[in-house]
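If you want the building blocks of each chain, they are given just below.
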Amino acid sequence: MSEQKRPHILVTGAAGALAQQVIQRLRQDCDLVAVDFREQVYLGDDIPSYCIDFNKRVFEDLFRRYDFDGVIHLGRVQSSQLTRMRRYNANVLGTQKLLDLSHKYGIRRVVVLSTYHVYGATAYNPALIDEEAPLKSAGLSMDLVDSVELENLANIYLWRYPELNITILRPCNIVGPGVRNSISTLLGSEHAPVLAGFSPMMQFIHIDDMATALVLAYHHKARGVFNVAPDDWVAYQHALQLCGCRRIPVPSIPPSLARTILRTLKLRSFPSYLMNFFKYPVVIDGRLFAREFDFTPERSLKEIFRYYRENKHPV
Amino acid sequence: MSLTSRIKSALVPSSLEDQIRKISKPIGSLGYDPWGYNNETIKYGFSFTRLLYEKYFRVETHGVEKVPAEGPVLLIANHSGQLPLDGLLIGYALASRSDKPRIPRAMIERFFPTVPYLGNLLNEFGAVLGDPVNCAKMLANNEAVIVFPEGVRGSGKLYRDRYQLKRFGNGFMHLAMKYRATIVPVGVVGCEETIPAIANVKPLAKLLGVPYVPVAVPAVLPAKVHLNFGDPMIFDESEIPEEQVTERVEQVKAAISELIDKGLSERKGLF
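Top to bottom, those sequences are chains A and B.
The numbering of the first sequence is our numbering, which starts it at 1 and goes up by one.
The numbering of the second sequence is our numbering, which starts it at 316 and goes up by one.
Pulled out of the complex, with its shape left as it was, chain A reads as follows (with noise of 0.2 angstroms):
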């Protein structure tokens, strides 16, 4: 009797402390491969780690090499990081890359990594925002049109290849130990700047449940686009007081001079394209993702807040 096959996974953004922390609950019972474009990491001897950009032949080694049966991509350039055209190139061909890939050599799960910050934020958006509302954020800023496209060519993915068995997960604000994107920074600093005037409600989603979350998705095959997000919410000054930080309140009205000064400040946890989050609140649904996949975060609010509060000086 032959021993059942382990399941032989691709993680790109191997660098990240999501993807690490998605590595761990794998690593036990699957064969991995790690990728980053920024950096290769040591993940012990049981795991390859390779530094590829997606959009270099010799990615397709990998493929080749390794039989994969599952890509787990996670391997986003953050919308503070990088130019506008390095961002598209990695985050738009190098996925659109990596899906063709994924079907030419007969991939059966993909599960992609993509942001709420999709929805957009404008004055008028409603709270519980659902899976299919129109992706608004393209049309408001050109930073942020990488994430639609990327979503969007992971959409065109879905339904033309569906042996590809394609997942989009939307979470909310990642953060916890190890996150560097530009909210974690915010909760994690002695200084925050906020928009007078303006708590927009905020999601906050701790990284370990993320994790976990990403994990129940690839096993469980479940095609389509799903936020991910606990039912539970907070002002955004209120979360930064709960974390400890003082508030640095940036003239809100009219809009052009808070822009303004933002665009001046280049603070990279507050560029000025984001300056509408901390403003109206972006507050999506994410009790089908919980039902479907039998998903309860664990980490509550209150505790996520006391790590960023205890850490302030770190040791």
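You can trust all of the hints, since none of them are fake.
Pulled a few chain B residues facing chain A out of the computed Cβ check, cut under 10 angstroms:
id : residue
1  : Ile342
2  : Pro428
3  : Thr429
4  : Glu439
5  : Asp446
Listed below are the simulated DSSO-like cross-link pairs for lysine-lysine, each with C-alpha atoms no more than 27 angstroms apart in a straight line:
id : chain 1 : residue 1 : chain 2 : residue 2
6  : A       : Lys302    : B       : Lys358
7  : B       : Lys521    : A       : Lys136
8  : B       : Lys583    : B       : Lys370
9  : B       : Lys340    : A       : Lys302
10 : B       : Lys323    : A       : Lys302
Covered stretches of chain B, as calculated for chain A (at least 3 residues, CB under 8 angstroms):
id : region
11 : 349-363
12 : 448-459
Keep in mind the hints are simulated off the structure, nothing from the lab.
Even for Gly, the Cβ is constructed at its ideal location relative to N, Cα and C.
Could you slot chain B onto chain A? The hints should help.
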């Protein structure tokens, strides 16, 4: 005792804490709900509104007990008086009733979320951007929602048009039918006299990006307000043409009209 807790105990008596505790809301671990309602801020809002309700506008309310204690409810009322004071007073009337109080949610103009401080404050008091998706999700959450189907046509009307109902949108009826929500008509009398406007400076409103700029006394006058809650109306969810939906809307409008007439006949003077 710290200064903030002293201020809090002065503003929020323990009886009020009990009243709020009686009203259960689906909120998260930090006291917020998805629309920004906050369990702590509402206590201050409640205290402040009590002053307005009892001392300033000396509101007389009839029939608030007709609002069902649970399940989705749409409170449909006439809109008037430039500022959304009518929504505040209807909300307080229901939240302060002794038997099975509820904190209803008011649907507010799309312009409010863009106003610093005020937008967030209204959200914390339970007001919500007037979007059909918001209303639908709240009815699905078994909330009571205050809707003014006249919208800015009602709140921005001039003093000479007082107590004339403007066109009602049909949106609320579609939602009531879909979510099997009970409709309770409410007639508001008195708010028209709080900020009587003689004209609307449309070009200035356009320039400022606000729905209207009234020419009025820059003060809120202490007019006496009468709130009359009507009998609950239930409409089935059958697939009917828009014409018949409009007929149903007209029924609600007629009920509100009657309640307004009742309020007008009850009042003895403007103040």
